[in-house]
Amino acid sequence: MAHDLEVFWFSEQPYGHVTEDDLEGWESGRMHFPNTYFDPEKAHVLYSNYHDQYQLADEVNFDGIMSNEHHSSYWCMKPSVNVDAAVITQRTRKAKIAMLGNVIAVNDPVKMAEEIAMLDCISGGRIISGFVRGTAVETLHAGYSPTENRPRFEEAHDLIIKCWTDPGPFRWEGEYWPHRMVNPWVVPIQKPHPPVWFPGTGSPESVIWAAKHRYPYMNLGSLLDLTKQLKGIYHETAAEEGYEAGPEHFGYLIRCLVADTDEKAQEIGRTFLWTENHRNRGPMEFNDPPGYQSREALRIKMSRPLIGTGTMGRRMTYEDLQDAYNIIVGSPETVTEKLRHIRRDLDPGYILIYGNEGHMAHEDVMRSVELLGTKVIPALKEG
Amino acid sequence: MTTVQSGSRTTVNVNGTAVEMYSGGNGPPLVFFHGAGGSNGWQAWHEDLAAEYTVYVPSQPGFNGTEAPAWVKTIHDVAHFNHMFVDALGLQDIILMGSSMGGWVSAEMAAMDDHNVDALVLVDPAGIKPREGEIAEIFMVSAETRLNQRFYDPSQVENYDNYARELSPEEQLVVHSNAITASQLCWKPYLHNPSLPHTLSRVGTPTLIVWGNQDAIIPVECGHLFQQAIRGSQLRIIDNCGHSPAVEKRAEFVGAVTGFLNSL
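For the record, the sequence lines run as chains A and B.
If you're matching positions, the first sequence starts at 1 in our numbering and goes up one per residue.
If you're matching positions, the second sequence starts at 1 in our numbering and goes up one per residue.
Same shape as in the complex, but just chain B (with noise of 0.2 Å):
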């Protein structure tokens, strides 16, 4: 959880809702999406795709203490607020990115509508049922359990203690309220939505889909699946790595992702 000053914190108002949101960096815009454990802020992974593109990383409805609007129910309907919070922002031709319940979130927002998108950005992405193993559980399971399941080498993420601490009475407030924002969005189906795979046939946008080999959580086995079925995407699989690479595999994935930019 590192924290870099260059990234500002500002509030957008979508349609009346009140968005937390880190930013910085120039080039063009690149919008990040969070997964179920809630947005961390700006971070050192951030700041390096800062140095070429203009990052935002938005809370979703909900979560970080945030408020949903009533009618935000399922990740279909975060999928269309996101939508609403890329037009509040003005942006056009966005690189869209999102990690696990973010990138399940992101799929979904290109599978609706995609001419704004110039690129996407999947990292280890929940949003297809694998077909052998299983989505590991998230909610009923200790916070030990769930901190287990989620890197595969505590020696490879900069600042472990920080997610391994006790936290305040604050943090363990959000920790609390972003596990009942979660809960309400991923809980059934789990973690997946069916239609995805065909839904996602739509989809033209350059594709890039990152996995962790060792992901405990959602099986790389899905990033194949993912694979299927955006079409031209490509997949880089990124070894001795769990569920969350651009913290644990920093410097290759940030390549990865700028290497995969470049390219287009």
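So here's chain A without its partners, still in its complex pose (with noise of 0.2 Å):
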């Protein structure tokens, strides 16, 4: 393989403390879920181990952390991957910093390329970032039509990627973001500009957007058959586009826990489906309303066990999703032949590691990093 394998951990950073009884009875798990079951005082301790979670990663050489951003919802308490990503740079010194990513679509495509590039700087060029259109909910939830998500993120993207290798000040006639003086002063450290990766579930479309511009596809967590396929649209997309796409393409996040035997691996590990029947339960107008994408990508999606399935996917139980590779818990041994049977089937360029879920606790979880990190990680790299 010419491509080294790169390993990241990423912490949705849950606000644990939710249960199923919480949930029941609202309309959704997301929108309807109100945020007066938040304690500010609970988060602050929750983000401080999920902080010292990422330094111990970077200590125990992770090749980066990846980070991500939702609206809405309990079960991530980030809603914004930029601010997140501040603290990544100061809490770790080598560390890639994934972003993955910034809801493009409904911000401010000047001032996100403006403090992407800051962090660039900031970090001496760690950064790399992400783009993403969200879950729907992201849409709604920040008040714009489902319908605008795709062009506005496709004229986001432009407008980030010109502020980044145009010298300003320059005109934007776009249909979103008119601007008639564009120069933002702070500009990436990496050159022409940070790395771009673009994730997916189950669209075609996602995975064809990425080939076209030549980004890492990152696969967030399908099953093994469907990623595969996703995968091969991406190399039939590179082969039209005129390149050959390898193992430095394409990425694969996956659910997993290390603990120093099986046994209480297996335990732990339990709560990776953690509210799962909750977290993205709703009606169709919340998680696919008409207009945010194809019917074909919805077709896909019916097929698959998105991480926190919701309604729309088929369900499985613990022991089916480990048999599937969607979960892999386990001594370092169990999980270091678990991933290479990844490897192995997928050969991504990146692997994902999700490493917690709901209320696991902040020792088992420290725990695992350090096994990912001095047995796992080295094992799985020589081969």
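Hints are computed from structural coordinates only; laboratory data are not their basis.
Be aware that a few hints might be false.
Calculated lysine-lysine pairs in the DSS-like style (CA-CA distance at most 30 Å, straight line) [unchecked claim]:
1) A:K212 <-> A:K231
2) A:K111 <-> B:K73
3) A:K264 <-> A:K381
4) B:K188 <-> A:K162
5) A:K231 <-> A:K191
6) B:K188 <-> A:K111
7) A:K162 <-> A:K111
8) A:K162 <-> B:K73
9) A:K94 <-> A:K191
10) A:K212 <-> B:K73
Which stretches of chain A does chain B cover? Using the computed rule of at least three CB atoms under 8 Å from a CB of chain B, they are [to be verified]:
11) 141-151
12) 276-285
Beyond 12 Å from chain A on every Cβ pair, some chain B residues (computed) [claimed, not checked]:
13) G41
14) E67
15) H83
16) D87
17) D113
18) G133
19) N159
20) N193
21) I237
22) R250
Glycine residues also receive a C-beta, built at the ideal position from the N, C-alpha and C atoms.
Starting from the two chains in their separate frames, assemble the complex, guided by the hints.
Dropping the structure here:
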């Protein structure tokens, strides 16, 4: 393999105090679940734990840390990936910082370009700038019509890249963000600009978009067969575009927890299914409102167990998910072996470890980070 | 969704855009513009009005599987387009009528130019923001919620089962694409235009505003705001009735409309 495997740590930063009982009875698990269940004092403790996990991941030689952003979600306390990335720059010394990513369709692209450039300068060029369309709830929560997400995304992307690569000042006659003078003072340290990643779950449209732009595509935990199909689409598109895609164009997110024994890991790992029937529960008008995505993408989505299946996909048990290599838990030896299987099957250039969930104990997660960094990752990289 | 045979379906070419249209009857021209859910074609109450009027029921651009010209992006644009539609048919001295979103479009059309409009009939129109209540959410809710919001008493609705039944894949596709078009037109500001109460002051056409007293989507309070905005307009409130009086209180609705038009 020409491309060295890189392994990233990722935490959704859940508000783990929420229970199934809390969620029962509300019309949906996100927009309708009231924020009166959020206790800022408890969040303070949780944020601190999550940042300690970042620091340890860096110390035990994870190649990078991935972060993300969601709104109106109890299972992700990060309404700003750039704020989280700023913390990571200060709690780590060498890890890459993969933001996956900014919901650029519903933000000011010029300010996005400035903030990401600022993070790149602060971190000394460690930023990977993912751009995401977000779940539909991100767009609804921001107050925009779901029909605008895709065209806004396209324009925001083009404007951000121009901010990073064309000297200012320049004029931008866009449909959504018309500017007569654009001249951001801060530009990225990486040239021509930080690497861009694009994530997806089941949408072929997303894969094709990423491949056309030659951006690495990160699959967020689809089943292996579907993921291979999507990867195939990337390779086909790359060939049409006149280049050959390799492992460096493809990453895979996997729920994974390591403990000293298989038994202990099995017990802790069960929390990966925390509130999973609720997290994206809600009418189709929330999860896939008309105009948000193509019908083909919706059809594929029905067949996959997304992290947090919600009401859209088919249900799988903890054991089913382990058999399908969709959740990996165990001792360092067990996990290494299973990750080797994924590596043989998918040949990803990047493995993104979705490493904690819900109310998992901080000590257990810290131990998992340590075992991953000191035992699993070195063994995996040996082949 | 009663379809009566006497309304015939045709296609009208409006500056290169095809508009699907049902029409029937005899008498002065009456043009009806549908709401955000799209056109339901030729309905029983159209047939009632067709006894005295020539009734035209077009789909608006982007609804019912029709193409919208690329420039049609707002309700204003739809209103301009609908004027072009009336011109394309060569209609003079029309009765302009619309329901819900179509009532909003009709109000905008009248505010732009009402010299060719003999009478304006607005049925539970969107377009003006209520002061006390709010316009119900119609996009970020399930189809079941949407249906429950629409009617006050389903037992008053002929063929209610037809509204509540499972749709065929082809029908689902139409509903889905209508929702896309409505989202594009009505999302922000939500189902209203802050300028409309002011621009309506130019309307001199005799106007009837009809409202279901128990409208759970656009509160009846908006009926009073429309009446204040259009000088000399009449407000007819139909009791025990939701957002679609033409469907839920067909006889009373048709009586109110024909009574108003005959009085002119």
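Verification of the supplied hints:
{"no.": "1", "hint": "A:K212 <-> A:K231", "in the structure": "holds, 13 Å"}
{"no.": "2", "hint": "A:K111 <-> B:K73", "in the structure": "holds, 27 Å"}
{"no.": "3", "hint": "A:K264 <-> A:K381", "in the structure": "holds, 25 Å"}
{"no.": "4", "hint": "B:K188 <-> A:K162", "in the structure": "holds, 29 Å"}
{"no.": "5", "hint": "A:K231 <-> A:K191", "in the structure": "holds, 27 Å"}
{"no.": "6", "hint": "B:K188 <-> A:K111", "in the structure": "holds, 23 Å"}
{"no.": "7", "hint": "A:K162 <-> A:K111", "in the structure": "holds, 13 Å"}
{"no.": "8", "hint": "A:K162 <-> B:K73", "in the structure": "holds, 27 Å"}
{"no.": "9", "hint": "A:K94 <-> A:K191", "in the structure": "holds, 19 Å"}
{"no.": "10", "hint": "A:K212 <-> B:K73", "in the structure": "holds, 29 Å"}
{"no.": "11", "hint": "141-151", "in the structure": "holds (count 6)"}
{"no.": "12", "hint": "276-285", "in the structure": "holds (count 3)"}
{"no.": "13", "hint": "G41", "in the structure": "holds, 21 Å"}
{"no.": "14", "hint": "E67", "in the structure": "holds, 16 Å"}
{"no.": "15", "hint": "H83", "in the structure": "holds, 25 Å"}
{"no.": "16", "hint": "D87", "in the structure": "holds, 29 Å"}
{"no.": "17", "hint": "D113", "in the structure": "holds, 28 Å"}
{"no.": "18", "hint": "G133", "in the structure": "holds, 20 Å"}
{"no.": "19", "hint": "N159", "in the structure": "holds, 25 Å"}
{"no.": "20", "hint": "N193", "in the structure": "holds, 16 Å"}
{"no.": "21", "hint": "I237", "in the structure": "holds, 31 Å"}
{"no.": "22", "hint": "R250", "in the structure": "holds, 30 Å"}
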